[in-house]
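The task is simple: from the sequences and hints, build the whole structure.
If you want the building blocks of each chain, they are given just below.
2 protein chains.
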Amino acid sequence: MILAHTNISAQTKDMMIRLSEIEIDSSYLQEYNNILQEESRTSVQLEPGVIAIYPMYQKENPTQIRILEIYANRKAYESHLKTPHFQKYKTSTLKMVKSLKLVDMDNIDSQTMVEIFRKIK
Amino acid sequence: MILAHTNISAQTKDMMIRLSEIEIDSSYLQEYNNILQEESRTSVQLEPGVIAIYPMYQKENPTQIRILEIYANRKAYESHLKTPHFQKYKTSTLKMVKSLKLVDMDNIDSQTMVEIFRKIK
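Protein sequences, first through last, are from chains A and B. The first sequence begins at 1 in our numbering and counts up one residue at a time. The second sequence begins at 122 in our numbering and counts up one residue at a time.
FYI, nobody ran anything at the bench for these hints, they're computed from the structure. Be aware that one or more of the hints could be misleading.
Which bits of chain B does chain A cover? Going by a derived footprint, with three or more residues having C-beta under 8 Å, they are [what the hints assert, rightly or not]:
{"hint": "1", "stretch": "167-177"}
{"hint": "2", "stretch": "228-239"}
Short derived list, chain A residues pointing at chain B, Cβ under 8 Å [stated by the list, open to error]:
{"hint": "3", "residue": "N33"}
{"hint": "4", "residue": "Q37"}
{"hint": "5", "residue": "S40"}
{"hint": "6", "residue": "Q45"}
{"hint": "7", "residue": "Y54"}
{"hint": "8", "residue": "Q58"}
{"hint": "9", "residue": "L94"}
{"hint": "10", "residue": "V103"}
{"hint": "11", "residue": "M105"}
{"hint": "12", "residue": "D106"}
{"hint": "13", "residue": "N107"}
{"hint": "14", "residue": "T112"}
{"hint": "15", "residue": "E115"}
{"hint": "16", "residue": "I116"}
A quick note: this is a predicted structure, and the numbers were derived from the prediction, not measured. By construction, the Cβ of each residue, glycine as well, lies at the ideal position given by its N, Cα and C atoms.
So this is what it looks like as C-alpha cells:
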C-alpha cells in the first residue's frame, strides 16, 4: 500500500489540532470502536492532509474515547468531512454517541511534535 | 544532534499511553509552558523509551494543558521519572499546577498509530 506522505515541518503553522472527547453508549462500544478504527485508518492512509487521527480509550472507563486529530490546515479538515469514509462513520455512529466535545488545541512547542514524528522508524 | 530512534511496530503491545490533564495557575502560564517545552523536548531527544511527550493547550482556555505521553514500556516510564530533566520539571512547576490528572489510555487500533508515524517524513 502506498501511504499519502506528508512533510510535517513545513506545515506546523497552518495545522489544525483537536482533541475530541466522545462518550459512547456501552451497548454499542465494540461496534463503535470497529467503525472508528476503519474510519481513522482509511483517513490516515488516503488523505495527505490528515496528519493524524489517533483514537484512544480510557482504560478505567472504556466508553470514554479520546481522538487526537491533526490536519495539515483547515482546508484539509473540510475536505476530510466530505469523504465517503467520514460520512459513513458519522451516519452509522450517530445513535451510539452519548456526548461529543470537539476541543481545539494548539502545540505548546511545534518543534517537539516534529521531533516525535522524526524519531520513529 | 543524534536522536534516540525507536522501532515502533515491534513495541505496541508493551506501550504505556497516557493523556495527562493539567490545569495551570494563570499567573505562571508562560513560565510553566517554557519549562514543559524544555522537559518534553529533552525527553524525546535523549530517551529511546520516550516515544512521545506531546504537550498541547486548549485554545479557548490556555491554562488547560493536555499532554499525550507514549512510553515504550513501564520500565521506560520509570526510568524517565528518574532523569534530571524530569526531576527539574517536577520540582520547579509544583507550585504552578492547580490540578493534575494522569489518565491511562489504550489504543483502539495500534496499526493506525504505527501508520501515522510511518506517514510523516
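Hints, verified against the model:
For the stretch 167-177 of chain B, the proposed coverage by chain A is satisfied: 6 residues have a C-beta within less than 8 Å of a C-beta in that chain, meeting the threshold of three. Coverage of the stretch 228-239 of chain B by chain A holds [criterion: at least 3 residues with CB-CB distance below 8 Å; count 10]. For the restraint placing A/N33 at the interface with chain B, the shortest Cβ-Cβ distance is roughly 5 Å, inside the 8 Å limit, so the hint holds. About 4 Å separates the beta-carbon of A/Q37 from the nearest beta-carbon of chain B, less than 8 Å, and the hint is met.
A distance limit of 8 Å between C-beta atoms decides the matter here; for A/S40 the minimum to chain B is near 5 Å, and the interface restraint holds. Of the supplied interface hints, the one on A/Q45 holds, with its beta-carbon coming within about 7 Å of a beta-carbon of chain B, less than 8 Å. For A/Y54, the shortest C-beta to C-beta distance to chain B is roughly 6 Å, which falls under 8 Å, so the interface hint holds. The interface hint given for A/Q58 is met, as the beta carbon of that residue sits about 6 Å from the closest beta carbon of chain B, less than 8 Å.
For A/L94, the interface hint is violated, the least distance from its beta-carbon to any beta-carbon of chain B being 18 Å, above 8 Å. The closest approach between the C-beta of A/V103 and any C-beta of chain B is roughly 6 Å, which is under the 8 Å cut-off, so the hint is satisfied. Interface hint at A/M105: satisfied, since its Cβ lies 4 Å from the closest Cβ of chain B, which is below the 8 Å cut-off. Checking A/D106 against chain B: minimum C-beta separation of about 6 Å stays under 8 Å; hint holds.
For A/N107, the shortest C-beta to C-beta distance to chain B is roughly 6 Å, which falls under 8 Å, so the interface hint holds. Below 8 Å, beta-carbon pairs count as interface contacts, and A/T112 has one with chain B at about 5 Å; its hint therefore holds. Hint status for A/E115 relative to chain B: holds, with the closest Cβ pair at about 5 Å, below 8 Å. Hint status for A/I116: holds, given a least beta-carbon distance of 5 Å to chain B, under 8 Å.
This entry does not satisfy hint 9, going by the numbered hints stated previously; all others are met.
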